[in-house]
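S.K.: Work out the full structure: start from the sequences and follow the hints.
Residue numbers (our numbering), protein chains in the order written: chain A, 84 to 305; chain B, 38 to 373; chain C, 1283 to 1501.
Incorrect hints may have been included.
[Unchecked claim] Distance condition first, Cα-Cα at most 30 Å in a straight line; then the derived BS3-like pairs of lysine-lysine:
(1) A/Lys107 / B/Lys141
(2) B/Lys133 / A/Lys91
(3) C/Lys1304 / B/Lys206
(4) C/Lys1493 / A/Lys130
(5) A/Lys107 / A/Lys302
(6) A/Lys302 / C/Lys1327
(7) B/Lys177 / B/Lys197
(8) B/Lys177 / B/Lys89
(9) C/Lys1466 / B/Lys89
(10) A/Lys268 / B/Lys231
(11) C/Lys1466 / B/Lys231
(12) A/Lys91 / A/Lys268
(13) A/Lys268 / B/Lys200
(14) B/Lys268 / A/Lys91
(15) A/Lys301 / C/Lys1327
(16) B/Lys307 / B/Lys268
(17) B/Lys337 / B/Lys98
(18) B/Lys268 / A/Lys268
(19) C/Lys1466 / B/Lys225
(20) C/Lys1438 / B/Lys231
(21) C/Lys1438 / A/Lys107
(22) B/Lys325 / A/Lys268
(23) C/Lys1466 / B/Lys177
(24) C/Lys1493 / A/Lys301
(25) B/Lys133 / A/Lys268
(26) B/Lys197 / B/Lys231
(27) C/Lys1304 / B/Lys225
(28) B/Lys141 / A/Lys91
Note that these hints are calculated values from the structure, not bench results.
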Amino acid sequence: MGFEVLLKGNNMIRLLTGLAVSLKISFVSVAISIVLGVALGILMTLKNPVITVVSRIYLEIVRIMPQMVLLFIVYFGTTKALGINLEAETAAVIVFSFWGTAEMADLVRGALLSIPAIQYESSISLGLNKLQTYIYVIIPQIIRRMIPLSINLITRMIKTTSLVMMIGIVEVLKVGQQIIEANRKASPTAAFGVFLVIFLLYFAACWPISMLSRYLEKKWET
Amino acid sequence: MKKNSLKRILATTLTLALGAVALTGCGSASAKEGAAEQTSEASAAQEQSDSKVYRTLDEIKESGEINIGVFSDKNPFGYVDENGEYQGYDVYFANKLGEDLGVKINFVSTEAASRVEYLETGKVDIVLANFTVTEERAEKVDFALPYMNVALGVVSPEGKVIKDLSEVKADEQVIVISGTTAETYLEKNYPDIKLQKFDTYATAKTSFENGTGVAWANDNTEVIAYAIENKGYVVGIPSLGSQDTIAPAVSKGNSTLLEWINSEIESLGKENFFHADYEATLIETYGKDYEETLVVEGGKVSDGAAAEASSEDSEEASTAATSEAAEAATEASSAK
Amino acid sequence: MNLEVIISYIPLYIEAFLLTVKIGWLGIFLALTIGIIVAFVMHFKIPFLSGVAVVYVELFRNTPLLVQLFFIYFGLPKVGLTISAETCGFVGLGLLGGSYMAEVFRSGLESIPSSQTESALALGLSRKQLFLSVILPQALSQSVPGILANVIFLLKETSVFSAISLMDLMFTAKDLIGLYYDTKEALFLLVIFYIVMLLPVSAIGSYIEKKARFRTLGV
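M.R.: Structural data, given as structure tokens:
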């Protein structure tokens, strides 16, 4: 069935290292997305017309452009247009953060707007100043709403990292192809075993994170 | 234009975004590193003239590292073994180049279709990925002296050997790899044949094994190796199109690196380096029989294989080596 | 940018666009079908089948389409199951989409208060009538924004098809870059065609979402 090739040499370790590359790109991108997304989300609630228009266009681009297209534009396009040479991994982090920031910003904006004005008013009437209102009343609520959704974003990013193979990053899928290729003669059915194992590896990486996100969402509901 | 404004928005947002990370300092350590790297890279790139994307020989030596684009899924020319080490005919040569330059090699895995792109954008210093010298490519990159002969070939299953491409029926598909000379050749000369295109060797071969195409067209070196290694396949068309050569390529205009590679290939010819390379990497697949037909020693295409090739072709291949000649070729072809 | 090159590429992109749209919508249709069935099975806790449904939804929601396609297209033939690239593309998209659609429909079904079931039964409606004329219409209309979001997601995911040799928009762009090296022109057209394909769907989505929000707010 082609599982035996994975026991040869370092093949299984190589696959796992490939998966680690994917995970690293997702985590770095999520970290950047959270910071930038929160900032942009707050800016978007300010109702400044310029910010509104620019952010609308930005969100729309992210909404309709496949990540793969963005990867190609950033990796191959920018080099020519702007004269910057990007490493493939940097390009991937930029695209994923570009996408993640938009999603986070939209979530933050939604969360901020969903907090009724009465909470601000009552906090102030209780004698809290503006900063205190934010720190003790508003932000904790927003974080509760954000955490499950950001965890959810991590799993979606991990899944999308499978595309970075297309811009030459040697991640788990590319390692899988290399293994199949190097052992074509000895294990002609390697494609079945290797791709099935990669499928399960992705599942093993994403499923626990999805469950955590769902658990937190339920726990913090209402 | 619309795209320009889109791009500008994209660029501004990115700059803003990265700037914000650097300023707030809230991002993770690696994010900060990334941002810092980019700004420095960006300013460095702006200082230089826009056209120079490559690194000169001295710059490479100074950095102590060279980026070489090779295949990672094209056994026996460029592949990765079970210990994660790059191996193959191209890689053997790459290792020699690194050794003689005295720098560490950073292998970059490339796909056929992105080889030109990698050089044009300076992502690698040299491409050593079974890169066939063609006129179109010579307009975009500079080829050094050749180190292997190649033509196209077509392999098909034993039960239904394709001996001539006219045998391919209208509802049948021929497998090619995107960005290879086989693709260009078939697109140009057999526009009616339906092509099934893959972007990697691994996917193309797996798909061919799975029987989705009636034949697979590629470099003849590759299809011969495939038929030898896999039972039940026959190379029905061993040679198609013109006799070409395979050579290292560098970014257009990177003359210092190009000259160094050329002199290296010439001096390696004196020690019969490429024969040793063949014996180390290819003999297991091809046996002794193909050694003289495949290997080009010292950058000189010998009579053996090139005899069939029209003198024009081989001349073109070897003269394309110098950037001057390549420019002449550009002019010539644009004049056409 | 070279206008002549752009014009000469347009027919190729139109062909790719049609293929992308065809397989995309076939896949979405399959996804909707699978989604409704699976959501129904899960909501009414049909024994055994609901277990299968849970495993299916979790497996396909937590793995990338590219890996699913690789397994179906390159892996399965090794154990004797060969399918064409087009079928593989639409089945893969349908399976992935089905797992997402199922979640949307399920929450649509769950959003209908049990009091409705009780009152419908008290009014003398049969189980079948209850489901077809009370629950399903409401569940579907509740799910519309979610469905549209998934439609956009699935149409975007078609860009992955290029890996299994389907000549979709993404593949055409990559192939042209590899053949003629006109990177800027090829990428420009790629962006334009995705805008043409997705902007209308996205606009409809935003419109319906706004309407739905107003309705729930009672405006």
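S.K.: Are the hints correct? Go through all of them and say.
M.R.: Hint check results:
Straight-line distance between C-alpha atoms of A/Lys107 and B/Lys141 comes to about 25 Å, which keeps the hinted pair within the 30 Å bound. Using a Cα cut-off of 30 Å, the hinted pair B/Lys133 and A/Lys91 holds, with the two alpha carbons roughly 28 Å apart. At roughly 25 Å between alpha-carbon atoms, C/Lys1304 and B/Lys206 fall within 30 Å of each other, so this suggested pair holds. For the hint linking C/Lys1493 to A/Lys130, the alpha-carbon distance of about 22 Å falls within 30 Å, and the restraint holds.
As the CA atoms of A/Lys107 and A/Lys302 are separated by approximately 28 Å, the hinted pair is consistent with the 30 Å bound. Between A/Lys302 and C/Lys1327, the direct Cα distance comes to roughly 23 Å. Compliance with the 30 Å bound is thereby established for this hinted pair. This hinted pair does not check out: B/Lys177 and B/Lys197 have alpha carbons roughly 39 Å apart, beyond 30 Å. Among the hinted pairs, B/Lys177 with B/Lys89 is consistent with the structure: their alpha-carbon atoms are about 13 Å apart, no more than 30 Å.
Note on C/Lys1466 and B/Lys89: the hinted pairing holds, with a Cα-Cα distance of about 18 Å set against a maximum of 30 Å. Restraint check: the Cα-Cα separation between A/Lys268 and B/Lys231 comes to about 28 Å, which is no more than 30 Å; the hinted pair holds. Of the supplied pair hints, the one linking C/Lys1466 and B/Lys231 holds, its CA atoms being roughly 27 Å apart against a limit of 30 Å. Only pairs whose Cα atoms come within 30 Å are accepted, and A/Lys91 paired with A/Lys268 is accepted, the gap being roughly 14 Å.
Taking the CA atoms of A/Lys268 and B/Lys200, the gap is near 25 Å; set against the 30 Å cutoff, the hint holds. Only pairs whose Cα atoms come within 30 Å are accepted, and B/Lys268 paired with A/Lys91 is accepted, the gap being roughly 23 Å. Between the alpha carbons of A/Lys301 and C/Lys1327 the distance comes to roughly 20 Å, so the proposed pair stays at or under 30 Å and holds. Straight-line distance between C-alpha atoms of B/Lys307 and B/Lys268 comes to about 38 Å, which puts the hinted pair past the 30 Å bound.
For the suggested pair B/Lys337 and B/Lys98, the alpha carbons sit about 27 Å apart, so the restraint of at most 30 Å is met. Straight-line distance between C-alpha atoms of B/Lys268 and A/Lys268 comes to about 9 Å, which keeps the hinted pair within the 30 Å bound. Restraint check: the Cα-Cα separation between C/Lys1466 and B/Lys225 comes to about 23 Å, which is no more than 30 Å; the hinted pair holds. Taking the CA atoms of C/Lys1438 and B/Lys231, the gap is about 26 Å. The hint holds against a cut of 30 Å.
Taken as a hint, the C/Lys1438 and A/Lys107 pair is honoured in the structure, with Cα atoms around 24 Å apart against an allowance of 30 Å. Distance restraint check for B/Lys325 and A/Lys268: the Cα-Cα separation of roughly 20 Å lies within the 30 Å cut-off, and the hinted pair is therefore satisfied. Using a Cα cut-off of 30 Å, the hinted pair C/Lys1466 and B/Lys177 holds, with the two alpha carbons roughly 14 Å apart. Distance check on the hinted pair: C/Lys1493 and A/Lys301 sit about 27 Å apart at the alpha-carbon level, within 30 Å; holds.
For the given pair, B/Lys133 sits about 28 Å from A/Lys268 by alpha-carbon distance, which is consistent with the 30 Å threshold. A threshold of 30 Å between alpha carbons decides the hint, and for B/Lys197 with B/Lys231 the separation of about 18 Å falls inside it, so the pair holds. Distance check on the hinted pair: C/Lys1304 and B/Lys225 sit about 28 Å apart at the alpha-carbon level, within 30 Å; holds. Distance check on the hinted pair: B/Lys141 and A/Lys91 sit about 27 Å apart at the alpha-carbon level, within 30 Å; holds.
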